[in-house]
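Protein chains in written order, with the working numbering: chain F, 321 to 619; chain P, 1262 to 1607.
Please keep in mind that the hints were generated in silico from the structure rather than gathered at the bench. These numbers come from a predicted model, not from an experiment. Each residue gets a CB set at the ideal place from its N, CA and C atoms; glycine is no exception. Do not take every clue at face value.
As the list claims (entries may be wrong) - One side only, chain F facing chain P, incomplete, derived with CB under 8 Å:
1. L431
2. M461
3. L596
4. P611
To be verified - Ranges between beta-carbon positions, derived for each pair:
5. P:L1361 with F:A390: 28 to 34 Å
6. F:S547 with P:F1395: 18 to 24 Å
7. P:Y1559 with F:P568: 39 to 45 Å
8. P:R1588 with F:A390: 54 to 60 Å
9. P:I1394 with F:S547: 17 to 23 Å
What follows is the residue order along each chain.
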Amino acid sequence: MSQFAAYTVIGLSLGGIFALAALGIVLIFRATGVLNFAHGAMGMFSTFVAWQVFYGWDHPAWMPQWAVTAAAIAVGLAFAVLLGFVLELAVFRWIRTREPVVKAVITIGILLALQSAASLIWKNNQYHLPIYIAPETATYMVAGVPIGANYIVIVVVALLLAFGLGAFLKYTALGRAMRAVSDDPVSASLWAVPVDKVGAVSWMLGSLIAAVAGILITPFINFDTTSLTLLILDALAAALIGGLVSLPLTVLGGFMLGLLETYPTIWIQSLGFPRLVALTVILFVLIFRAPRGMSVAGR
Amino acid sequence: MKQGYLRRLVAAVIAFAALAWIPAGFDVGFQFDAALALVWGFCILSLVLLTGYVGQVSLCQATFAGVGAYAAGMMVSTFHAAYLVAIVVGVVASFALGLLVGLPALRLKGITLAIVTLGIALVFDRYVFQDHIFDWFTGGSGGWQVDSATLFGIRADSSTHLLAAYEILLALFCIVALLMVNLHQSGAGRRFRAIRDSELAAATMGVNLTRYKLLAFGLSAAIAGLGGSFYPLVAGSVSPQPFWVFTSLQFAAIAVLMGVRYVPAAALGGAFMAFVPDVLTRYGHGTFLNKYSYDISYDWFQLAVGVLLVIQLIALPDGVWGDLRGRAMRTWSALRARTSRRVSVA
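Turn these sequences into a full structure, and let the hints guide you.
Given below as structure tokens:
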């Protein structure tokens, strides 16, 4: 029983990562009609920037460990925002009227470029120490089950960001503008909604969320340039469960997928098997329920 | 109509004659690249059929090629089959997998199909090609060693096998390319194009969507598998790395970059994919202005592919070959118009 509970904890935190990554994908897809295959790669690159600050550079002796962690995360997230802004300005602003498939193929180009750029800078086959938000050894006993502090951080951050994002879209002027653009960009621009600004903000926000997911997951996976890039499949699966529109369903889908991928590892010792689970979920969702967002944002 | 067939046949023969002598003067490294260029060329050709003709997105062509390669390796290593048999088995195995992948594709298109095929590529990369359950198919972590494989009396470890493999592959490539161009003009080709333009309209006109979409996936996978089943002969062994998910993504990127609607673009893309990384790693290190040393590794190739793809999709939507072809045709018709005007004045 305690083994089952331990796997539940792992599954939930893995699911929190999937949910976070999927939130960014859904946000960008709704606001710009781009299904971002490079989402994992973008998060990976920003995570490595944070890693560079955390481990790569010398820190002044007076800096306590928590300040180093905070600085690394701040630099990584700032870089993510910049990356999202630059990509929107340099690439996605110019292809707004193209078909959804062309937009998706462009993101594959960005995926390849970011992945190899990161491999060049940080050497793909090298072992990288993960970034710990909470101290690695800190654990809490909940109902007799030891839970690492880093697991709790993931679940809390995922839920907080999901609710925060939902509130942002619902209650702020910019959030309303984003929803207006995602419903119909032409009539939104006729109503003087700043479509360019909405696009830029969506990409910056999406990239930021990808970086959060990337930084949080480093203690739990093989931390290299390919694993984080390929996280995209699980994130896409969670996003598809949410129909590529619904934020609550996406978060729920992320947690569900995390559990579904973790429980079989009790019996099946295989690194590749969770990919099969993700593919099965994707096929199941797509065949029995076409993503609602396709008709809304998939112009 | 007859004339068109004859013209295409002559073009294929000329292409073979022009390309056949090229690697003769190369060293072994470049001969390997030349043979590999055709293996990758088949994979990109399979995308020309699937994406260019039928409009179906696929991010798992390297998986089809990998299944062909592993099936061929298994036939040679486990069953000691003749290499010709191994190739046939490789093509059939890929064809079967293509039909299987085509099943979900019946209900999907565009982006959702891209997601599913990415998932298939990832499952085969991380699970089937690497897990111990499938050791009977993949030969374990060491893969298959097929040094003693023999095709038409050419052993895979002989000194001339690369050149011979190149000639056989080139002949096959020209034949398959010719068949594909002819297919494009045939009734089946018209049905394929109708599906590409609008599935709904095609179905309304009586095109059997199930049959033709499955056929497209099967044929495309078989073409990729044909290239892949030659891989063991060319490389002497099979391992997961060449057929991992990033190769699939590179195939898609390079096919679009070169012009996914054009058959010659596949040969161009294959050559690009085989030669450029090797040339980069071979000559890409030294010092610049006697001061700055540089070392260009394989990763620079993928970086370039990604950046070029983004630029191409924004600036030249029809791909490199499509753009060149369009320019040449415009120049040609402008020249013709000018000469005909002169004639009429005279």
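Enumerated hints in conflict with the structure, sorted upward: Per hint list: 2 and 5 violated.
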